[in-house]
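Trainee: Listed below are the residues making up each chain.
Number of protein chains: 2
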Amino acid sequence: MSKKYAIGIDLGGTNLRVALVSEEGEIARKIKKSSSEEVFGPLLECIEEVSNSEIIGIGLGVAGIIDRNNGRVFSSPNLRAVEGLDLIRGIQQKFHVPVFIENDANVAALGEKVSGAGKNFENFVLLTLGTGIGGGIIHKGRLLDASAEVGHMSINAEGEKCPCGNTGCLENYASARAMIARAVAMLEKGSESILKECCKGSIYKITPEDIYNAALEGDILSREILRDAGRALGVGLANIINILSPEAIILAGGLVGAWNIYVQEAIREASRRALKYLFDSVKIIPSSLGDEAGVVGAASLVFMKTAKNSPHRF
Amino acid sequence: MSKKYAIGIDLGGTNLRVALVSEEGEIARKIKKSSSEEVFGPLLECIEEVSNSEIIGIGLGVAGIIDRNNGRVFSSPNLRAVEGLDLIRGIQQKFHVPVFIENDANVAALGEKVSGAGKNFENFVLLTLGTGIGGGIIHKGRLLDASAEVGHMSINAEGEKCPCGNTGCLENYASARAMIARAVAMLEKGSESILKECCKGSIYKITPEDIYNAALEGDILSREILRDAGRALGVGLANIINILSPEAIILAGGLVGAWNIYVQEAIREASRRALKYLFDSVKIIPSSLGDEAGVVGAASLVFMKTAKNSPHRF
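Protein sequences, first through last, are from chains A and B. For the first sequence, the residue numbers in my numbering are 1424 to 1737. For the second sequence, the residue numbers in my numbering are 1424 to 1737.
Worth double-checking, as some hints may not be accurate.
[Said to hold, decoys possible] If you want the footprint, here are the derived chain A segments under chain B, 3+ residues with CB under 8 Å:
| # | segment |
| --- | --- |
| 1 | 1552-1565 |
| 2 | 1639-1652 |
| 3 | 1696-1703 |
For the record, the hints were derived by calculation from the structure and aren't laboratory data. All values reported here derive from a predicted model rather than from experimental measurement. No residue lacks a Cβ here, since even glycine has one placed at the ideal position from N, Cα and C.
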């Protein structure tokens, strides 16, 4: 019997990734493009480019709140261009295969379950730590049908206003956006920091990597920013542990690169806050698929939804 | 075929409830006693008293963190007497039927699913609002295997220290214990309030009912206490909605009696904070089984765990 393939698409906030993926979770071909205002055109081109004649379906992971029944994106604060688009219909009309849609962090969790760091866990939560903070929950080996918008959990009821409408959201304190905003604000106020030299002349171009590199060189402001963001993440981790008692929390996204300051601080803070027995039962580990978790998970959506006897079906 | 029965036991913080329950969730006989230092003796007596010859098992809901594999209670801050006890073995040795154990709020959620306010929902979260705040999660019609310690979700990272070790726990702001502590503190400071007359001469005997009744009579302090607690509960509700996107949140426990001030305020606050589409998709409703949800749910544990084809099995 010939190998089965599906196309997995990860339509996150900043990049469009499209891959041809086997049922075993292996990537046969892949493309990456920057997200643009126009979504449909580049998306259809990419699918065409990686596709082969054996694909049994197409899976999409999209940043935002998904209406699974109607295949639309209700709301996508980081990717306004897809809001209200009927992505499923548009793709189906051209490729004539089943198309499935899910939230991008949810499919990343699926990807880690199928062939990544979550392979040996039945119950885990994946967090994507980047510009924003997203989540996906795997329970008894399957994707939990839940929004998992952990970035919009308030950890500070009277805190900063979040664009989502809530106040004190985890994302306001622990995301890359939050770190950069704080660095810029502090430098504007005249704080001393080697960050000024790291960022190619403009403090408005500072990246999380700049902050991490400056911190490694002993920059006090940068270390403080990473540690405070880590502590906030730790509050969120403790809440997740107390509510969901997962076997593992898998951390993905660009900020995982700052593991030995930001994440270490988060783990320390969570250990102080979570119920002891629950903390002792959870492993906090990095993603193993990295940027590819999304396309692998999106493709596995197809295999799960179409296969009757898949162990990973919903 | 004769009717099947199980015994359901609810070993909460303040009361011990034991009932003989049919597979349909009907209570045939029930007893209630105050919890005491000695747990086993009164428990075995109560079981004996309600039991009949057709019971197929005994289910226990216990306040605290449960070690399901070993039938022990790891930690029970409101019922220290059961910590470390091998409840399953003790009961099994006397009654020779299968015995199952779960967290008390988890079995209350099961009870509401079997024959209460959750009957028509596949995905809901039950909150018990009393001395403390507990939770149980039903997903796709089944009890989610999760601690659901929603009372120990921090909503104020730099807030008050909680006995659990965390700071700013929901329970510190929205529980009966929190309301009473605030009322006493304000009266000690000399606040004007008719609460002083409501409480039979000692402000240290104030109950949530006293606060509610005073609020209904227009007492400003009491209204403020209920509203602030409600707002804190609303922060917790919004977090639950953003993370779990349930179809319903079912509110149980003594504080539900203060619905038209405390809960209304919570719903208003949650509506301001939760992601709009998710808030619009959730119903926030009271428990319909009230104090009986625990025993019904504990008995249904037995039917689910022993029946191979039960639609509610795990």
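Trainee: A separate judgement is required for each hint: does it hold in the structure or not?
Mentor: Now for the hints, and whether the structure bears them out:
1. 1552-1565: This one holds; 3 residues, not fewer than the three required, reach chain B with a Cβ under 8 Å.
2. 1639-1652: violated (count 0)
3. 1696-1703: Holds, because 6 residues of the segment 1696-1703 of chain A bring their Cβ atoms closer than 8 Å to Cβ atoms of chain B.
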